[in-house]
Amino acid sequence: MTDAREHVLTGTRGTISAREWPHPRPRWIALVAHGYGEHIGRYAELAGALGKHGAAVFGPDHTGHGRSAGERVVIEDFEDVVTDLHTVAQRARSTHPDVPVVLIGHSMGGLVAARYAQRHGDRLAALVLSGPVIGTWETPARLLAHDSAHGEVPGIPVSPAALSRDPAVGAAYAADPLVWHGPMKRPTLRAFVRTLEDVARGGDVGRLPLLWLHGDDDRLVPLAGSRPGVERLSGGAATERIFPGARHEVFHETIKAAAFAEVTAFVDRVLGG
1 MTDAREHVLT GTRGTISARE WPHPRPRWIA LVAHGYGEHI GRYAELAGAL GKHGAAVFGP
61 DHTGHGRSAG ERVVIEDFED VVTDLHTVAQ RARSTHPDVP VVLIGHSMGG LVAARYAQRH
121 GDRLAALVLS GPVIGTWETP ARLLAHDSAH GEVPGIPVSP AALSRDPAVG AAYAADPLVW
181 HGPMKRPTLR AFVRTLEDVA RGGDVGRLPL LWLHGDDDRL VPLAGSRPGV ERLSGGAATE
241 RIFPGARHEV FHETIKAAAF AEVTAFVDRV LGG
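Here the sequence shown is numbered in UniProt numbering, starting from 1 and rising by one per residue.
Heads up, a few of these hints could be off.
[To be verified] Simulated restraints on C-beta separations: (1) P97 with P228: 34 to 44 Å; (2) D98 with A168: 36 to 46 Å; (3) P97 with A171: 39 to 49 Å; (4) R207 with A171: 36 to 46 Å.
Since the hints were derived computationally from the structure, they do not count as laboratory data. Given the structure is predicted, the values throughout are model-derived calculations rather than measurements. Cβ atoms here follow ideal geometry from the backbone N, Cα and C, with glycine treated the same way.
Can you build the whole structure from these sequences, using the hints too?
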């Protein structure tokens, strides 16, 4: 696959760094929304698999993440993140007019993708959610309750071991200077709570095809909490693939090839090819 290109775009709260994995004649565009505390560069292997399937792949570092501007991991309002993602989508469409767009959101990016689909679903061909923060996710409210009682957010960073059964994934995550290794911050926790409520109230995505991927040993975003959110968003019509024993990042798990294949087979069904 062609080497990635970097774009610096004007976001809602400063510059946004976006990455493009080009394709000379793409059949579809994959728009990727990454998770909390990480960056789009961690999705190079997914981009390679999708590129072999005919996709041009685009995705931003969300505000406060990776190479984008902003205080680290601070998101005041996820509506701004959705708007920034739409700016990247517009860049992708200007590069490849009339090519269908499939939005892929992981974890926090799944929350962003869900809200994007509620706002801009008529511009999408399909939606893929991986370990999405949607439905009932208790972590933000629990940490904010501790904050209210004790005056500080507990300093609990993401455990690398919770991401994948592949120890190399955790080691690379722990050593990555663009990954946030500190605690969550109050503004972001509050924004999570608000946006979970907004998505719950925002209605379903109608006839937009939706694929849901999740590991059944996901302890960061438990499967049982995501299920009601996915069912509500899809109107009960989602295609689901639950991976036994897999942890939070199915695109970095020991079953990643199967996860990639689920995405490409789903896209083939949607696009008819």
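Each hint, compared with the structure:
no.: 1; hint: P97 with P228: 34 to 44 Å; verdict: holds (38 Å)
no.: 2; hint: D98 with A168: 36 to 46 Å; verdict: holds (40 Å)
no.: 3; hint: P97 with A171: 39 to 49 Å; verdict: holds (42 Å)
no.: 4; hint: R207 with A171: 36 to 46 Å; verdict: holds (43 Å)
Of the hints listed earlier, there is not a single one the structure fails to meet.
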